[in-house]
Each structure stands twice: as structure tokens, then as C-alpha cells.
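*Asks:* Here are the chains, one letter per residue:
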Amino acid sequence: MRTRIAGALGLAAVLALAGCGSSGTGEGGGQNASSGGGAVTLKMVAADYGSDPNAENAGAKFWKGIVDEFQAANPNIKIDVQVINWNDIDKQVATMVQNGQPPDILQTGGYSGFVQDGLLHKVDEILSPNVQQDLLTKFADFGKVDGVAYGIPFVSSARGLFYNKELFDKAGIAEPPKTWDELKAAAEKLKKSGVSQPFGLPLGQEEAQGESFLWFLGAGGGYKDASGKWAINSPQNIEAFTFMKGLVDAGLTTPNPGTKDRKTVWEDFAAGKVGMVNGGPMSIPIFDEGSVKDKYGVAPIAGKTGALDTTLGVMDWIMAFNKNNHPAEIKKFFDFFYTGNAVQKIVDNYKLLPVTKGGIEKLSGDEKLKPFLDGLPNASFYPFTDPKWPAVQDTIKQTIGGAVEDPAKVLGELQKTAETG
Amino acid sequence: MRHRSRGLRALEPLAWVGPAIVLIALVVLWPVVEMIRSSFLKISKFGVVQGGNGTANYDRLFAEPDFASIMGRTLIWVVAVVGLTVIISLALAQLFNQRFPGRKIARWALIAPWAASVLMTAIIFRWMLDPEVGVINMIRRDLGFLDALGGASADPLGQSATAMPWLIFVAVFVSVPFTTYALIAGLSTIPGDIYEAARMDGASKMRIYWAITFPLLRPALTVAALINVMNVFNNFPIIWAMTRGQPGYSTSTSTIFMYILKNRDIGESAAMSVVNFGMVIILTVVFLKVTRWRSEVA
Amino acid sequence: MAHSSPAPSRALPRLKSVVIAGSAYVIALIFLFPYVIMLLTAVRPQDTLREATYLPSAFEWSSLVEFWSGGLAGNLVVTLQVAAGSTLLVLLVALPAAYYTSRHNFRFRTGFLFLVLITQMFQPTAMLVGIYREFFQFGLVDTVWALILVNGGFNLAFAVWILNAYFSSIPRELEEAAFIDGNGRFGTLFRITLPLAMPGVVTALIFTFIAAWNEFAVALMLTTTPANQPLTVALNSYIGQYQVDWQGLFAGSVIATIPVIILFALIERKVVNGLTAGSIK
Chain W
14 MRTRIAGALG LAAVLALAGC GSSGTGEGGG QNASSGGGAV TLKMVAADYG
64 SDPNAENAGA KFWKGIVDEF QAANPNIKID VQVINWNDID KQVATMVQNG
114 QPPDILQTGG YSGFVQDGLL HKVDEILSPN VQQDLLTKFA DFGKVDGVAY
164 GIPFVSSARG LFYNKELFDK AGIAEPPKTW DELKAAAEKL KKSGVSQPFG
214 LPLGQEEAQG ESFLWFLGAG GGYKDASGKW AINSPQNIEA FTFMKGLVDA
264 GLTTPNPGTK DRKTVWEDFA AGKVGMVNGG PMSIPIFDEG SVKDKYGVAP
314 IAGKTGALDT TLGVMDWIMA FNKNNHPAEI KKFFDFFYTG NAVQKIVDNY
364 KLLPVTKGGI EKLSGDEKLK PFLDGLPNAS FYPFTDPKWP AVQDTIKQTI
414 GGAVEDPAKV LGELQKTAET G
Chain G
2 MRHRSRGLRA LEPLAWVGPA IVLIALVVLW PVVEMIRSSF LKISKFGVVQ
52 GGNGTANYDR LFAEPDFASI MGRTLIWVVA VVGLTVIISL ALAQLFNQRF
102 PGRKIARWAL IAPWAASVLM TAIIFRWMLD PEVGVINMIR RDLGFLDALG
152 GASADPLGQS ATAMPWLIFV AVFVSVPFTT YALIAGLSTI PGDIYEAARM
202 DGASKMRIYW AITFPLLRPA LTVAALINVM NVFNNFPIIW AMTRGQPGYS
252 TSTSTIFMYI LKNRDIGESA AMSVVNFGMV IILTVVFLKV TRWRSEVA
Chain P
1427 MAHSSPAPSR ALPRLKSVVI AGSAYVIALI FLFPYVIMLL TAVRPQDTLR
1477 EATYLPSAFE WSSLVEFWSG GLAGNLVVTL QVAAGSTLLV LLVALPAAYY
1527 TSRHNFRFRT GFLFLVLITQ MFQPTAMLVG IYREFFQFGL VDTVWALILV
1577 NGGFNLAFAV WILNAYFSSI PRELEEAAFI DGNGRFGTLF RITLPLAMPG
1627 VVTALIFTFI AAWNEFAVAL MLTTTPANQP LTVALNSYIG QYQVDWQGLF
1677 AGSVIATIPV IILFALIERK VVNGLTAGSI K
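Residue numbers (our numbering), protein chains in the order written: chain W, 14 to 434; chain G, 2 to 299; chain P, 1427 to 1707.
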């Protein structure tokens, strides 16, 4: 396979083999001991939830703790973890896959792209039934493609409205807004009291698809309609952006929201320059580092006629590649992970939310997380099981910010992209 | 005997030039072939080749609603950045070639944007243009050009009309040091007695510059400008770090667009690379024609 | 470079030199300004980063210290190896090619120069996947060697080109005279031609070194183990999913920039010395 011809023409061949030869052909078997009791090394790639590689909560440290514990109990299985930061992980994994060297276990933001290429183990092969049943149904269902589960929800997150109590007091606002009208009124008061960004609105490349979705939900819209058809330019969605346009035009938001990233807006909220912003549990530690610490509250997201009873659920995934064919060993590790205290550690370290019923129960006492946990079972999701979603999402990230200038036109173009894509 | 020595002589150039050819073929040409080939393939998001795709990648690329404006902007971007860089560098090379106390240290300062990573320079400029805390905005405010921080008027990168000039500024900022230095090196090869002769003839400063310095600088200038054309054309970190081509695609050049497409469709992105490459070739040929490169550099 | 421009005569009005020096200083400051801000941001305490003040209210030097304790010093060494290695490679390969091309009219000379020109048009950013696949087949992924080869390859064109230009600008008669004086072919090359081409050599050298020092896209793709990553890539990990460690990022960038400026300062003096001692007149 490594002849020169393969070099010139052969990615297709290499990948086709890697992809189609799913189970049993044992292509990669040469590098591993046979299943007859020798030690097996599982290569794992995981995303770094920590703030940086030197931080106390660095992903590498976290996984080392988990893996050490697992290996002590399972001396025959060695797990080699490579932690990659979120900016690079997709690219690096893509490269590994392109070279026919996927990891055995991958923990990252999506799984569906690999299913198409036939690279993944089915969940039934790598996770015990009792663990599968403990997963939140609505979440686990999204791990299925054509009725077969490939992705295992790993952790989740939800969104809520963060507001700066101090700025609210100064502006004379009694409580966080529940409706859009209240939101606009509050923003106007904040503006009058000298807040430069009454509502933090990040519609730039980083996270535009999330912010937009929250507003769609507020008007009863979404990326798809109830029948599962793309509905990006639905009347509800246009209404949502028309309302946002009003906010932007009145100078009540982050300036030029179509170019602003969530990170920056959160930094501004943490510094007390933003009155309200949509955020998640993961923003709590960031806000706690800033001057806004102890001065902010969390509320359900405001909708057109009332506070939302749903939230944007986002989940990350863990999955297993079938190339090296070690389902039994992988199963041991996954079962260990989901039944042990690992998930609890993630929640503590990173303010992410669990995806198991058991995990949510354990957390029910946490006041700060309550608004998010309440919304979780009824969460709404991106249509990420649609194979077109990655490309559509990418286009949304680039262009949807323009919808605060011309809602119908920009959303219409996105709809066209999604339909033809 | 004679036959063999002729054979050896024919091989002589290979001994001198061969290693360069091998390195170029290995590191540069191989991936290029790969790129051209990919532009005719259907490739999944994770790089799995799903078969040939004819010219479909190109058809889709040319049908992108923003394609024409992106190509136009790319041309303006290259011409503006290179033109400004050359003009500014010519002036700076003269200035920094004068003798004055502390010249050495001033020249070191000049090199900073070149020494620093372009990516980091772009990131720091975005930081300095931040609407809330950007130091450039603070200076603008204190000079009375800006009413308050935090609003749309303190956000030059948020609108393409104000973002493009800043992007061009940063591109010029990082291109000037190399160009200036190349020109200073060029100036240093001009023998001093030529000037003395000219001065004795009573020629004016400007005349000396245009009649002597500039023509002698042309080889260095041509090389430097051509390098700039290609670097600027392919420049990716500045726009990527400062605006990501946003709002929409309104600050995207073809290289940025290629990178954006890479996340969606590797085949279409490869097609963009190939088109990009074709455009660089055309630009280069035009440039060489205009500057009569052959007679001066080769 | 003493005699490189119209030498300012002693009668030159004083005002003029003041203006020249003054404007040069101002321009130098403009070019330094972003990096001063970088340094100031690196030492600004985290919770005051979003305060609109020119100077930090307090100086927190920890980010500069953490750079060394956090393992990034190792990445700095990798960067140094890559930059030095590719510079050496480029000089070894480009010097003979450029010299020969400027002095001999061999059969594929035009073809070679065209190849060089074409190479110059490519930036590795445009063909990352192809590069990765190739080095994967060589078994060089995640090694310093791959980065040296790539950086060498992509900077070779410029070096050949500028050296060719400089060699061509040196009159053949000079060499012939030296040759007749009894210097051998190589003696002529090293004693006469190379010193004359020094500005070109140094420019090519610095260009390669700096380009390799700051290269990012290829290294990001080719290196996976944190310890094998050059500094540019290692710094990237300061940009987290929800948060950016601005101090760490900027501190690392400042630290990464300083060695290059120092190197340049050292080399520039050499060039100037070489020229004043030199043989241009």
C-alpha cells in the first residue's frame, strides 16, 4: 500500500479499505497483540476542556487520572490518551483518518461524519445495555443514524440568560426579562444608564449558529420544521431576526454582531460592560474570574411571548473506530467511564452537564446549575444528524450575521444552501 | 575518452543544481499534483475519496454567489498592499540609509514586524482595534475622532468599508520591513563614486535619485515586489485572525475563501486552490512583462 | 554601508539631520508599537484585561515566568532547531544552484529558473493535506526533520532567486581577473564572489530563518505530540474553546520574537562590517 502509486492515487484506496473493511478484516491487527490475553493498547484522542495546557484543569491531567485508575483495574489494557485543543482537534483527527490511522477512541464535538464513511463501531458493540439505558433518551437518540446508534453522548451543555445584577439595579430594572418586549425595554434602560453593550450578541464566525438558534426558539422556529424539512427562512425565524435587527439598529447590542465572537462578548460581560448575554454553565467560571463575580444571575432565555421552557442542548460525543477491532476492550473502558465518578469530575472541573439520568440526579442540589439542568430533558438540538448540517452550519457561521441587516434575504439564501447543498 | 568527458560535462549542471531540483520536486511539486488531482475528486468532509467528480467542483465554485466579488477583492487587495508597500519601502530605505545617531537601533525596530509571527501581529492588531479596550480606539477617542468606546463607530473591523483599509494597513505593516531591508541591501551595492560624479555634474538630488539610484535599485525592487505579490496573494493569517473574512464574505480574499471551503467541501476547496494558483501565474506573468524581469534579474 | 548613499557633507544643515533622525525614530516607534502593547497586555492582570486604560494598573510578570515553567521552553528549542536546520539546508542547496545558474548557460537553465519561479508561488497553506500524506509515507510525521524539509523546500525558491540576482549583478570580469591572478575556481568563488554577494546571502538567510521560525500551518498539521511542536503551534493551545489566555499568548509571542530580533541585530552588524571592509569600490 505504500508504493509510489499509492502515494499518487492511493488515498482513495487506503481510506476505502479503512472504511469498508469495517469489522473483522483485521487490517490494523499487526500492531496489536492478538486477543488471546496479551496487552492491548487503545489509542484515544480527546478534546481539551481545560482553559490551557498548563492550567490546573488541563485535559491531559484529567485523563491521566481517569486512565491510571482504569489501568490499575485492567492491567491488560493500556490507554494512550492524546489531548488536543478544540481549535485543532477536527483537523488533526481528519488527518489521522485520511491516513488510515484513526484512534480507537475519539471524544470530540461530532460523530456523524465518520458514520457515513463506515468507520465507527455500533454503540451496542461497545457499551453495556444498562449504561445505554441510563443515558438521557432525547440525547441518546441523536447518536443514531438510520436507527442505529454510533455516537455516545459524552457531556452536554445548555443555555440560559445571564444578566448583570449591578447594572440592572443601576438602570432600575427589577427582574430579568421574560419576553422580547421586556428585553428591549431593559436594554433601553441599560443603554440610558451608560452601558455600552446592553445585550451581548455574538453572531460572528465562532458561535453564530447557537445564538441564532436561541432566537429562533424564542419565536417558535428552528432550523427544521416539525416534519424534519429545512425551515431556515420560516416566518418565525425571520420574525426573530427582524426583532434582533431592531435591537442592533437602536445600538442596544454588541456593535456589528456579525463579526463578534462569543469569547469576546463573554469577556466583556465578565468585565461588566455587557448587561445581558446568553451563556451556559461553561461561562460560569469565566464570569467568576471577572469583576462581575457574585453580581450576576441566571434566568431562562427570553422568548417572544414568555421565557423558554426549552434550551439549546449541545452535546459532545465519544465514539470508537472499528479499524483495529478491539470492541471488548473499548467496552470495558466505556462502562468504567460511565459508571464511575469520571462524569462527576468533568462536571466539577469544567461546568459541563452530565448526559445520564443518574448524573443529573446527583447534581440536583447545585443552585447555579439548576436553570440549566431543568431545561435539559426538554432540550432542543441542532439538526446535526442531517449529513448536510456540518456544511450548512459552516455557511451559517459565516453569513447569518448579515441577517440583522436583511433577515429575509440572508435566511433565504441559507435555506437555499441547505436545500441544494 | 572524449565521449565520456562530454558526458561528464553534461552532468556537471546536475551536481550544482540537482539538489535544489530534488528538494523542490519532493516538497513542493508533489503536494501540488495532489491538489490538482483533488480538485477533480469527490471527497467527504473527512477526506474519504468517493470517486471522480469531473468538473463539478469547479462548477459549484463558479456558481458561488460571492465568487466574483471575492476574486475582485483579491485583486484589489494584492495591488493595494504591494503598491503601498513598495512606495513606503522606497522612502524608508532612503531614510534608514542616511547616517544618523542610533540608526542601527532604529533599523532593529524596523525589523520587529518581520521577526514576529504574522499571525500574532494580526491578533495584536485586532486586540488594539477592539471596540471596548482597543488602544487605537482609545487614542482616536482622546484625539477627538471618536465619541465613546464600545459602539459601532469604535469598531472599524466590524464593517467591510472600514475593515478592508485596516487589513491592508496590517498587510503593508508586515511587508514593509522585508521590502525595506531588501532595498537597503540594494542601495548598499551602489558604488558611492557614481554619486560623486553625478554631483560634480551639478545634478539635483531628485534627479540623482531618478537617474541613478532608482534604476540601480530596480533588480532588488523587482524581486522584492514580486515576492510581495505572491506572499500577499497567499496571505492568510492577517484576514483570518482579524475578521475571518466577515461580515459575510465581505473581507474574504480567494485564499480565505479556499480555507473556509475546506471545512465544507475539500474538492471545491481544491478547485479554489487551483484557480488561485492560475491567478497568481497570470499576475506574475503580467508583472514580469511590465518590469522586464528577464533582462534584469535572470 | 558607509559609502552607500550620498554621504552627508559636513555643511549639511543641522536641522536636516535632526529631521531625518527624528522621523526615523518616530517610524521605528510605530513599528515597535504593537509589540509594546503585546508586552503590556501580557503583564496585565487577567481581571483588568477589559479595562480601557493605556497602562495596566498593576504589573503581573507571572505569564512571562510561566512560559518557562510551563514547558514551552522545550517548544522554543524545537523552533530553533527547525529554523536553523532549514536555513542551513537552504544555504547548502541554494548557493551552488544560484551561483551555477548565474554563471553558466546550460541546457535546462531556463527550465530551472521557471521551476524556481513557480515554486515561489506556492504557499504550504494551500496544500496541507498533500504535504501530510507525503511525509506520512516517509514516516517523518511528528518529527523535526519533516518541518526542516518543508520549510527548506518552500523557502528555497526565494533564496535561489535572490542569490541568482546578486551573483548576476557581480561583473564576470572581477572573477576573471581574480582567476587570472591565480585564485582557483573555488578560491575565486569564496574570496571574491561570495563576499560581494553578501547582502543577498544574508537576506536569503534571514528570510528563511524568519519564515521557518514563524511557520504555523504546516507545523500545526505535521506535529501532534506537544513536546515536538514548535512554539507557534504550542502557543495556539492558549486559545481555548470558551476563553483565550491572552497573557499567556502574548507573553509567548513576545518571547518568541525577541531571539529573532537579537539574531538580526547580530547579523546586521556583520553585514555592515563586511561591507565597510569590503570590496565594492
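Calculated directly from the structure, the hints in this document are not laboratory data. Hints may be right or wrong, so weigh each one.
[What the hints assert, rightly or not] Listed next, the in silico DSSO-like pairs over lysine-lysine satisfying Cα-Cα at most 30 Å (straight line):
| no. | chain 1 | residue 1 | chain 2 | residue 2 |
| --- | --- | --- | --- | --- |
| 1 | W | Lys-237 | G | Lys-206 |
| 2 | W | Lys-183 | W | Lys-91 |
| 3 | W | Lys-135 | G | Lys-206 |
| 4 | P | Lys-1442 | G | Lys-206 |
| 5 | G | Lys-206 | W | Lys-429 |
| 6 | W | Lys-242 | G | Lys-43 |
| 7 | W | Lys-104 | W | Lys-375 |
| 8 | W | Lys-401 | G | Lys-43 |
| 9 | W | Lys-104 | W | Lys-345 |
| 10 | W | Lys-135 | W | Lys-370 |
Owing to the predicted nature of the structure, the values given are computational and were not obtained by experimental measurement.
*Asks:* Please name the hints from earlier in the document that this structure breaks, with their numbers sorted from lowest to highest.
*Replies:* 1, 2, 3, 5, 7
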